[in-house]
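Fit chains B, C and D to the supplied structure of chain A, relying on the hints for placement.
Respectively, the protein sequence lines represent chains A, B, C and D. Residues 3 to 214 (this note's numbering) are what the first sequence spells out, left to right. Residues 3 to 214 (this note's numbering) are what the second sequence spells out, left to right. Residues 12 to 226 (this note's numbering) are what the third sequence spells out, left to right. Residues 12 to 226 (this note's numbering) are what the fourth sequence spells out, left to right.
It is worth saying that the hints were derived from the structure and are not from the lab. Careful: at least some of the hints might be erroneous.
Calculated lysine-lysine pairs in the DSS-like style (CA-CA distance at most 27 Å, straight line) [what the hints assert, rightly or not]:
hint: 1; chain 1: D; residue 1: Lys-221; chain 2: D; residue 2: Lys-161
hint: 2; chain 1: D; residue 1: Lys-83; chain 2: D; residue 2: Lys-221
hint: 3; chain 1: C; residue 1: Lys-166; chain 2: C; residue 2: Lys-26
hint: 4; chain 1: D; residue 1: Lys-26; chain 2: A; residue 2: Lys-195
hint: 5; chain 1: C; residue 1: Lys-166; chain 2: B; residue 2: Lys-166
hint: 6; chain 1: D; residue 1: Lys-150; chain 2: B; residue 2: Lys-114
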Amino acid sequence: MISGFGDAGVPNELIDALVEGGATDLTVICNNAGAGETGIAALMKANRVRRIICSFPRQATSHHFDARYRAGEIELELVPQGNLAARIQAAGAGFGAIYTPTGFGTLLAEGKETREIEGRNYVLEYPIHADFALIKARTGDRWGNLVYSKAARNFAPIMAMAAKCTIAQVSETVSLGSLDPELVITPGIFVQKIVECAGPSSAVRKEETCSA
Amino acid sequence: MISGFGDAGVPNELIDALVEGGATDLTVICNNAGAGETGIAALMKANRVRRIICSFPRQATSHHFDARYRAGEIELELVPQGNLAARIQAAGAGFGAIYTPTGFGTLLAEGKETREIEGRNYVLEYPIHADFALIKARTGDRWGNLVYSKAARNFAPIMAMAAKCTIAQVSETVSLGSLDPELVITPGIFVQKIVECAGPSSAVRKEETCSA
Amino acid sequence: MQRLSRTAIAARVAKDIPEGAYVNLGIGLPTRVADFLPIERDIFLHSENGILGMGPAPAEDDVNWELINAGKQPVTLLAGGSFFHHGDSFAMIRGGHIDICVLGAFQVSVTGDLANWHTGAADAIPAVGGAMDLAIGAKRVMVMMELQTKSGESKLVETCSYPLTGVACVSRVYTDLAVFDVGPAGASVVEMVDGLTLDALQDMTQLDLKWAQGQ
Amino acid sequence: MQRLSRTAIAARVAKDIPEGAYVNLGIGLPTRVADFLPIERDIFLHSENGILGMGPAPAEDDVNWELINAGKQPVTLLAGGSFFHHGDSFAMIRGGHIDICVLGAFQVSVTGDLANWHTGAADAIPAVGGAMDLAIGAKRVMVMMELQTKSGESKLVETCSYPLTGVACVSRVYTDLAVFDVGPAGASVVEMVDGLTLDALQDMTQLDLKWAQGQ
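So here's chain A without its partners, still in its complex pose (with noise of 0.2 Å):
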């Protein structure tokens, strides 16, 4: 799993290092798939990404994504949205399965089981739990706790909890009760590994054994 909307929360050092670091053959789930040179572009350009769940990955800078897809060189699971989250979400909360309304009746429910709830027609969705989920946020301490920028926050909270194990990326750390306990947006619990950005360098911040 790789955070960010557009831009926006994209954890793009934890990506060039996963690039560098050769792992292939990679599912990402993702809302995007990476626009530009930069971030999920350069994985997909590095040709690492067998398959990609997510829910839009057309994009006006597309192009390396959108040139794996016509070579047939990668799989594409097109989500909804609101799916995309409700799935991540159901992993990271131990649901076996959830029904929901969107894209009842649409080519992206084909082959789906569906029921009538209350007069209403919904599609039952499965969880989507991750190895990895690779998140982006703006502090974060040596417990893993995390606080968010703005939009930038968008999937990063969901996915962390969705994972088996978390590596966020901060641009900054500060010291344990510096976080105010009503606005850590993600308890440390659901981090495993902090590595805090700053301009060219960086420092592992929190480091615990992941079972994935």
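Quick look at chains B, C and D alone, frame taken from chain A:
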């Protein structure tokens, strides 16, 4: 729906107004069934509750509930606390039903539909909607944005999302823009009325038409 | 007969958005509706990427790329606005908390089916975004579009030929020639531009149209 | 043979809670485990009413009734702690994010079934709280209880006679006489108090017991 866990976060002043208002034959959705003489216990004492959906009715001083229950005057639907939260959330988020692992193989799942998904057993549970949610928060503004105090937050944010009309009592109201937009826990869209209760006086701070 | 410009359609939609409404404006043309919402009305704009209380575009030297709308354009936040994650944002949509959603469309059927995400072309790269959630989640879904395609075919149709976004979800359609109510009882005309007749409109759309109740 | 006191059982459980663990301590007896967690270990206590990083009880003049644990007792918050709503709190539990949960029990079966919410008595007012969620949600569920009822019956049983809280959910049982592993392969003894023999323990429990692997 009435927020609160134990005494923390119970909107006592709103409940008092409910008792005074004379509403009867109520279905109450709440974690507890009241203790002592105030709050939900006062509703029980006045015999206004026909049915209660909760996880933990029995407490050391829940004598008003206990008496009504033993007299067969109140119907009890006992729901595991996490399923209670999940069903309230499902209502707020527009799901038709959810498969939850909690309660499988127990008395509380008797007669309910079950399903094995990826080797694990789940129970099908339906959303709990409400006409009204009475909740308590620390601070609000005239748009209905709310922040809470410590563990008094508990069920309030999810109940606010699941009711047609959410009425919040707050200890203080602040001018628009005073609440940090990153810190707003309940965005105003989920709150139809705000009443400031400071000591003996109270004042309405938001008043929106409700469909309930 | 004078067709309404796109801008004029946006202005017409704005007239129907009441005080206190929570509104999501779809990406593209519907975004322009914001320009016509009267300042004296408290109207709360929602963006599915986690913003409530969205304000107008910022000055060029005040752009923050972490404060963008669903169309990825820079926006501002009004006093009283708030941020939240995608889960909560789509709970607002799917849970029926958004009063009005304004969307563009390829086609709308007389019973309110919406087609706006996919042309059905075999070589198109599909993308759906939040369209399907918005279509079935908002209390009231309004569509704004030109009534006819460039080749003169009606986009208000008996049955959509493009892949659906949602079934029976649209309640009103604003076009350059007329405003229609759609739903279980079929399509009816709320108003039309000067010089147009019901007969001419029926001819253009190939639909059996009547005036809406009370018009 | 010296039975462990309740306090000693709590201390024994605490020994098995590793550095970095996220832990929920059930109401009642399990709460006492907190008193024996070594200060030098970073252990994160979760309370299902919306607290992570719970600290010890406050001084009497520093009680805040909006900061209570699931047993409704006043607590404190450590630096680094956080508050959240019941939805997120039970997502932590049900979603498998809590490493260890310690619960009391009426009965535990050799395959790990747990009965701890209801005696089955016809006139009892039932109350379940978060027990069923904790039982099936935490990665590892530990039970602490006395091995026998007051009348001498074993509470570790072949099959629970009390209504179940969860099926096949317990992995280890700490008692005043012995520590057991339970699960698909049945019950095995991890350790027992000095002076007790496996034969005597089998006799008390009426169970076919063996030593756990590696003991």
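We went through each hint and held it up to the structure:
1. Lys-221(D) <-> Lys-161(D): Roughly 25 Å separates the two Cα atoms, so the pair holds.
2. Lys-83(D) <-> Lys-221(D): Violated - the C-alpha atoms of Lys-221(D) and Lys-83(D) are around 40 Å apart, more than 27 Å.
3. Lys-166(C) <-> Lys-26(C): 23 Å, holds
4. Lys-26(D) <-> Lys-195(A): Holds. Lys-26(D) to Lys-195(A) sits at ~26 Å (cutoff 27 Å).
5. Lys-166(C) <-> Lys-166(B): Violated. Lys-166(C) to Lys-166(B) sits at ~35 Å, over the 27 Å cutoff.
6. Lys-150(D) <-> Lys-114(B): Holds, because 26 Å separates the two Cα atoms, which is no more than 27 Å.
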